[in-house]
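Peer 1: Residue numbers (the working numbering), protein chains in the order written: chain B, 1 to 292; chain E, 1 to 411.
Accuracy of the hints is not assured; some may be wrong.
Claimed, not checked - Partial list, computed: chain E residues near chain B (C-beta under 10 Å): (1) I90; (2) L121; (3) M136.
Since the hints were made in silico from the structure, they are not lab data. As the structure is a computational prediction, the values presented were derived from the model and not from experiment. We put the beta carbon where it would ideally sit given N, CA and C, even for glycine.
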Amino acid sequence: MKEARTVPEACNKNETWTTILRPEHKLLDLKLREVIKYRDLIGLFVKRDFITQYKQTILGPLWYVIQPLISTIMFAFVFGNLANISTDGVPYILFYYGGTMLWTYFEKCFRDSSDTFTTNADLFSKVYFPRLTVPISKVFINMLGLAIQFGLLIIFYAYYLLTKSPVHPTWYALLFPLIILWIAALGTGMGLIITSITTKYRDLKQLIAFGINLWMYATPIVYPLSQIPQKYSWVFYVNPVSAPIELFRVWFYGAGYVPPYMIVSSLIMSAFFLFLGLVSFSNGERTFVDVA
Amino acid sequence: MNDIAIRIEHVSKQYKLGVINTGTFFRDMQSHFARKMGKPDPNAKLGNEYFDGPDTFWALKDVSFDIKRGDRIGIIGKNGAGKSTLLKLISRISAPTEGCIKINGRVASLLEVGTGFHKELTGRENIYLNGSILGMKKRQIDRILDEIIDFSGIEQHIDTPVKRYSSGMFVRLGFAVAAHLDSEILIADEVLAVGDAKFQEKAIGKMNAISAEQGRTVIFVSHNIQAVHSLCNVGAILDKGSLIKSDDIDTCIRYYNNPENMGRDKAWTGSDGDGNLVVHRAELYPHDEIIDLLIEFEIKNPDMDYVLCVQFFNNEGRLVCVNSFSDIVTDEEYAQLKSAGNHSVMLQIDTSIFARGEYYIEFDFAIHCVKRITTAKSRVYFEVFNQRNHRHPASCRENTIEPIWQYEIQA
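Work the whole structure out from these sequences, hints included.
Peer 2: Right, dumping it as structure tokens:
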């Protein structure tokens, strides 16, 4: 509670100051100009994460493709061969690998940005720089991983095209970057909401670690939307990650179908979560140092 | 353009004390709804009223002053006076609760040397990372890279991961980056307290050069009055969150070193309590490591289940221990203590296991599990000199307790 206090008059005068720090602030104060000024820092964060992630490992950046590849093989075996779930005619490898790749990107954007305050507490309490640079750098570092994974997808893709498998790319596939932005906005937006809350409630982390696994199964990764009975279709309207992933298959493989309403509702939800995330982040960054 | 680099106007900063929430979301909701429905909070500690003292404190209260362009200002004050809070506000790490701070020029803050260093990266990579975190552009760093490496004096190891550096090298590299920051205002907190004597000399020299030759504004906080004196031309003294003096550095240091001005009271008289019990006087008589504490209080409502505790806080306001003297006395003595009328108790406390530093005592006189009676009003201060760590007494250990060791060096 702030006690009512007359703001000293001088605070309101328009003098020439570079910066004025005051208690109150706008609801959505992103300081985008500052973020752009610190773009070199974003680049260095990306470089730091890339170098340090695989320093002193044998396989290095190959890990980026090993993880989704193993999941793909597992999924192909369990859900394709054993459970015999349809893949809308798309070859197993392409079907599962594409879904896993996009899901991994979503999950990483979500998790990394939801850790922003807790993992950078030391740094944030020592020096000021626009905090938003950290989650933005995560979007890029994860995009780098995605690019490597995408390279492997292209190799698989070429193989299946040459062997005349039933994949039918559409020209829309060139709009792939839009899907990536969509997923990045959604994952990061939700993560930013979480990070502002985890500074106060640490146990949320447990819930997320557990929940994200369940969430994957509520997303059309190991099955196509077409296999879902009508009465459960609401799940995929509620789950905003479904639309971009299924849309990816429609565009790349020419298989499956996404109801337009699902796309619209996912886009609206993504924009909403991103907005809410940015608002709570800009609120959180001002108070978190005093709470953590 | 005016010649003010920073104008601090009526700045206050409030911190919440103690627990901010119960720590888990579920219990917070439970408490919230219970309160809404007028039921008792299921998560309240037993006898919650016991803790109903003030749960916020003002680290800074209505501080106003100007820092002129090109001034090197030393901010002095005891621990907990609000110096670090002020620096945090100016360097935008935390926002003021009230008032505003106006800044003219780019600020680089140096609350720690080597902020953001990643131990897996090489020295060179860390220069870029650290420099960017502190607000430099890549191109700027390119230009002064050689200078930084040269100043740090670790050319040979510049492409080695910093995890293989000695702590001295680490600090030298960190300081080298900071010293070459291209900012109009430099904020430094105790950074010179690291490194060996030779490096400290070099660092102070560099800081002097930065401010004197390049006309930059420096805000410097240190416990090392010597360093403040050699570096700064003006000073500001903070005490208990308020600005008590702002003048040239010699005047400030003289004022600060005069115990009459900055002395913390060893004695308190007044009236702290309620209809059950009132404390009238508390006084400390230190004799080296043993201190005698005299408490005079009056019981107005006899034979309640009183708990009479003495709380020791260190100068950061952190509770070191609480001891109840009403629990160690015999039954007859206890009965006498809680009978109506004036009582006077002399406690003898051996503080030799306390770490060197300043402490204060507050009383926690309460009716057991019902309510706390005394407040922070009746506070007395004492200091522990503890000469056992005589070789590096001012190193940055954050101890509150230092056990007494016996040692034997074996041949």
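Peer 1: Now look at each hint and say whether the structure bears it out.
Peer 2: Going down the list of hints, with the structure as the test:
1. I90: 8 Å, holds
2. L121: 6 Å, holds
3. M136: With a minimum Cβ separation of about 8 Å from chain B (threshold 10 Å), the hint on M136 (chain E) holds.
Comparing the model with each earlier hint shows no violations; every hint is respected.
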